[in-house]
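Q: So you can see what is in the structure, the chains are spelled out below.
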Amino acid sequence: MPYTLIDHTADIGMRVSGATLEALFRDAALGLCDILGAGTTRAALSVPVRSRGIDRDDLLVRWLQDILFLVEVRGFRVTAVEVAGVAETEADGMLRGEFSAAPLTAEVKAVTYHGLTIERIDNGFAATIILDT
Amino acid sequence: MSTLHTRRLDPFRIEIVRTPPMRTTGLVYANQAIERTLGDENVLHQVANVAALPGIIGPSMAMPDIHWGYGFPIGGVAAFSVEDGIISPGGVGYDINCGICCILTGMRLADVRGRLDKLLTALYNHVPAGVGSSNPKLAATGREFRKVLEKGAGWAVKKGYVPPSDLEAHEDEGCIEGADPDAVSGKAVERGQPQLGTLGSGNHFLELDVVDLVSDRTTAEGFGLFEDQVVVQVHTGSRGLGHQICDDHVHAMVAAAARHGISLPDRQLACAPVRSAEGREYFGAMACAANFAFANRELIVFLIRSAFEQVFGGSFERLGMRLLFDCCHNIAKLERVVWEGAVIQACVHRKGATRALPPGDARLPGRFRETGQPVLVPGDMGRVSYILSGEPGAAETFFSACHGAGRLLSRHEAKKRARGRQILEELRRKDIRAMAASRATLAEEIPEAYKDVSDVVDTVTGAGIAKAVARLRPVAMVKG
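Chains as they are written, first to last, in the working numbering: chain A, -9 to 123; chain B, 15 to 494.
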């Protein structure tokens, strides 16, 4: 998967990187869905995700939180994430997959701001995100 | 990150010396054994960060079950002046009014042992548990759901699920005043409404215990506890409703903090003045989630009583099933506190901490006036739990005590250590039965993932915050 798990006593953290911000946001979304056990192989539907934040850090939290809601509450299961664009305070993308009653394998209460970083690295961007589980 | 200066004050207290930008000292309750579990400085920095927030009264405190959280530490207690202090959703946490209750029974272990497997299966079938669990049979929608948010445990009484006498056995009679359903977002309602009457997953549990040691006979009798008695503990909270309310308001307060000129060393500490529009709106929504959690635990008590009735026959009253107490772990409450001789109206944040009132406190219902408040301290699933009672020394913690054992290992590390092991069989060898909706939960909750709760209890009793009344040994459990 396009992320690595990092240790946090109460919670789960993930480290994600991408050549562009769009790739970073896509892989963070895929990482979240993998932790939740929200994968599927069917791409029957597309659901748009448009998130707004007060800055880039906030935007990443809002983006993942919006996807968490679609998965946990609306029952969307994901086979692919497409990110059309990430600006400073706006992200637009699409989840491909299907609605399903298949149970998730993990509960994520929220995507937190704690320890959140988005940084430039040599070949793109990297982020650290802590989930409250 | 700067290095913190700490000094041991006595065998049960460690001070974090005040250095800028801290507005006050930090105070960590820890004996030598607990001190060894504090690990690196992350968790102490979280105590220090809270000490830097505006309007804090007294020290930024941490109970001995402290562990690294997000923003505020888990096990943290902090009071902020209503006049010039803050309220913080992160200081309560995502699982608003996650809490615990204990149901007494009139049965001894020998009365239950022959039907233990049948009872455990009945409990597992009666109480929905696991990730995303819902309970259509107990659903409350529309105006009925608003009543849950406004009335809390009182709603469950009014609907006839539980008797009115249960209310006396609740912190604040199972209802936080000031609940404002209009402050709860549609997303929060959509996320939480189907989950009323469910246990959830993670560290939430339902556990059958036997009283294996009574250490204060008079108080135990006052509580209705006796040796070899079977009791039931339930640990759960406000489910998806609380998760979403916290997220909605942390997000709102990230922007609000800047508007109010509050500097945040960690955005998860996002906060606003108690009296600001954002602060009042959060309090109204948080109280709704707290009341949902009170009602949720009462519905689970109803389901547990039904399971006992099915297995043993007769009514739950005849089986001696009475609620001992129900208390909040994650909450912000408006309380009058005394600090340096002054009485101050404060917003007391307890994130992974329990209120602990001593004998004689006017806030206690009549049945606990002489004994003090029961303080329920669950341990891990393989060792023991404790029932304590509040002591006068709790005045220094604004009447707060520990809430459990406190995590020692991350969930990831616990799973690694559980790999290849038969956890159910390990428990069975200790004469403990367990059923779980998920193997992953069992792996995350292995006993060594937690501190030894006896060290936690030794610290709070040594510090004079509470006294030990009884020790419980687990017999059977349902995990999410």
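Hint data in this document are derived by calculation from the structure and do not stem from the laboratory. Beta carbons are placed, not taken as given, at the ideal position from N, Cα and C, and that holds for glycine. Please note: incorrect hints may appear among the correct ones.
[To be verified] Partial list, computed: chain B residues near chain A (C-beta under 7 Å): (1) Tyr84; (2) Tyr108; (3) Val145; (4) Gly146; (5) Asn149; (6) Arg205; (7) Ser215; (8) Gly216; (9) Asp226; (10) Asp261; (11) Asp262; (12) Ala269; (13) Arg281; (14) Gln282; (15) Glu427.
Q: I'd like to know which numbered hints this structure contradicts. Please list them from smallest to largest.
A: The structure breaks hints 5, 9 and 11; every other hint is satisfied.
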